[in-house]
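Going line by line, the protein sequences match chains V and A. According to numbering that gives the first Met the number 0, the residues represented by the first sequence are 0 to 338, in order. According to numbering that gives the first Met the number 0, the residues represented by the second sequence are 0 to 361, in order.
Among these hints, one or two may not hold up.
Below, computed lysine-lysine pairings styled on DSS-like, alpha-carbon distance capped at 30 Å [what the hints assert, rightly or not]:
1) V:317 / A:334
2) V:323 / A:131
3) V:137 / A:131
No lab work stands behind these hints, which were simulated from the structure alone.
What follows is the residue order along each chain.
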Amino acid sequence: MSGDSILLDYGSGGMASQRLIQECFFRHFENPILARMDDAARLEMRSPLAMSTDSYTVTPLFFPGGSIGTLAVHGTVNDVAMLGARPRYMSCAFIIEEGLPMDTLERVVADMGQCAREAGILIVTGDTKVVPKGACDKLFITTTGIGELIIPDGPSGHKAHPGDAILISGSMGDHGLTIMAQREELTFDTAIRSDSAPLNHMIEALMCKLTSVHVLRDPTRGGLATTLNEIAHQSDVVIEIEEEHIPVHDAVKNTCSFLGLDPLYLANEGKCLCIVPEQEAEAALHIMRATPQGHEAVRIGTVLAAEGKTKAGQVILKTPIGGKRLLGMLEGDQLPRIC
Amino acid sequence: MDIDAALKNPALCPPLLKRLKQTLDGRPLRFMEVCGTHTVSIFRSGLRSLLPSNITHLSGPGCPVCVTHDAEVAAFLDLAQRENLIIATFGDLLRVPGPNGTSLKHAQSQGAHISIVYSPLDALTIAANNPKNDVVFLGVGFETTAPTIAATLMAARQQQLDNFSVLAFHKLVPPALQALLTEQEQYIDAFLLPGHVSTIIGLAPYSFLPEHYHVPGIVAGFEAADILLALCLMAESIRDKKPVLHNAYERAVSSDGNPKAREIMAQVFETTNALWRGLGEIPQSGLRIRKEWENMDAITRFDLTLSNIPTRTACRCGDVLKGRISPADCPLFGKKCTPAAPVGPCMVSTEGSCAAYFKYAG
Chain V
0 MSGDSILLDY GSGGMASQRL IQECFFRHFE NPILARMDDA ARLEMRSPLA
50 MSTDSYTVTP LFFPGGSIGT LAVHGTVNDV AMLGARPRYM SCAFIIEEGL
100 PMDTLERVVA DMGQCAREAG ILIVTGDTKV VPKGACDKLF ITTTGIGELI
150 IPDGPSGHKA HPGDAILISG SMGDHGLTIM AQREELTFDT AIRSDSAPLN
200 HMIEALMCKL TSVHVLRDPT RGGLATTLNE IAHQSDVVIE IEEEHIPVHD
250 AVKNTCSFLG LDPLYLANEG KCLCIVPEQE AEAALHIMRA TPQGHEAVRI
300 GTVLAAEGKT KAGQVILKTP IGGKRLLGML EGDQLPRIC
Chain A
0 MDIDAALKNP ALCPPLLKRL KQTLDGRPLR FMEVCGTHTV SIFRSGLRSL
50 LPSNITHLSG PGCPVCVTHD AEVAAFLDLA QRENLIIATF GDLLRVPGPN
100 GTSLKHAQSQ GAHISIVYSP LDALTIAANN PKNDVVFLGV GFETTAPTIA
150 ATLMAARQQQ LDNFSVLAFH KLVPPALQAL LTEQEQYIDA FLLPGHVSTI
200 IGLAPYSFLP EHYHVPGIVA GFEAADILLA LCLMAESIRD KKPVLHNAYE
250 RAVSSDGNPK AREIMAQVFE TTNALWRGLG EIPQSGLRIR KEWENMDAIT
300 RFDLTLSNIP TRTACRCGDV LKGRISPADC PLFGKKCTPA APVGPCMVST
350 EGSCAAYFKY AG
């Protein structure tokens, strides 16, 4: 179907829609449940389940390290996995702007197919709508994922306990800075790439091999700082982290310093924050480091109880020179500075 | 290892802190930094939590967004409403609220064409790609950015980009420092002078600090160790009652500054009185485009006028910028005024004093 562009007909439900479904979606998402072409997908699952949905609207559609397609799969797979679940099935809904080149759509769908295979999740149902030019920006994708909890009482943002170790699976800020650089057409010599990646295999290993995992979260929008604040509030604890131990690639650090941005507030799409009892910390790091997504895993801090000057809900950053400051929530977008 | 990396070594700080405490020997030191990057560095590095309690840290008028006057924002908004006009601007001006509370971000949501650029030269590309539109670059900043804007105007003339102009509201640091020191009661013991601005102007324009006001001024870099060293030099200067002007940032700042950049700046700009947020009109503290470049001056080209409108709310940005009050003393701070919904510009830029206090001090 290459060479064409998407016309309003393709969303009409008629022959054009059928062709798009057969020649593009089925080809890349191939699996027996989808191939049945019933009104809904019939799923075999054990309960309890974890379910998550997200819409993806990124500009540009393709960027170093990924695309809207990789995000649409990884984002939802990772959200489901963060409950300590094994993601199994996914739905996807496309809203396509009339005139989008077919090649572009096909590249996105191919990315989704590839990512789904890597994550071991089946895309079992979907929907396509084509809207008139200007009614959306090129392509919006909504995916919903469903998975089985590996243990019945899995991790949650409410379960951070004083004394727990805080681990992070890798470097911070790569995805957020990549998108900002692409969107604003910043040309840097340095290679900054999105970290878009599936975390479910690493999570499954953690859940199966450790006796206890208290919190799993992927620090996406708002970055590490925002995620830590959410956990500190949910669990009613103080979180203390050491700036020196937080991995940030040099290219990200230098570009952020030039633009006046803070990498701890930039989005990540393939990183996981893991809070475990102190005695599990070393084992957890070992498991994470054995996976491609976690080879830079490190411990960055400790969960504390509020006492003295500290209040529950606070995130405290210890700086390399031994000072301390609050690490607050992100307020509004980060904007590059003037000088 | 290069020198900047070496200066990040945390081991440099404890001996400097010890030297500072010994030199001060309990004496108070109220120092003001006049660069937003210093403000952020003092907070971000955690230095503020380590300073002895007899040191008072004041943040001065050192962030270009913070000192942008209501009347100037009104002029941006006026331009944003014009037909067939694209505004090119640095990102942090977008959220600065104008006299009626609206900002360029609001104007953008109403259909104004606003492009964020990272270099004024990017604005020339926009002008070249949009020959049927006027492209206006919002020239805000201190001596650091002015030479680049001047060079951009020269490039525009060379490329015959007749649709390009600049709305120039550049401000100069030394006259603002002088204005602070002529306040009735002297409350600043020493200045931490801006590293970036000084790369252009050098040391001479600050000579009035020790000579007329007996206040030491130290030009410093941005690492915690740079700032601590500058504080030691201030403390020693005060202890010895010998106010000095000193360049402690020799790796970047030549004492003569950058004469070539100043020459380019002087070809395009001349000094003029300027309106500063909170400080009012300060004589000869701004730059305007010279008559020879009038066709690229957005003020004449679009017939813009500036009026000295009084600040409309309880916002105390003025007192914050003068270092008279701490941001937390403003009745709006953290309540009606937050980085997400800023009332005053000090809460807008990441380098604004209010935004820095909000983010790092809680």
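Taking the hints in turn, this is what the structure says about them:
{"no.": "1", "hint": "V:317 / A:334", "verdict": "holds (27 Å)"}
{"no.": "2", "hint": "V:323 / A:131", "verdict": "violated (53 Å)"}
{"no.": "3", "hint": "V:137 / A:131", "verdict": "holds (26 Å)"}
Of the hints listed earlier, the one the structure fails to meet is number 2.
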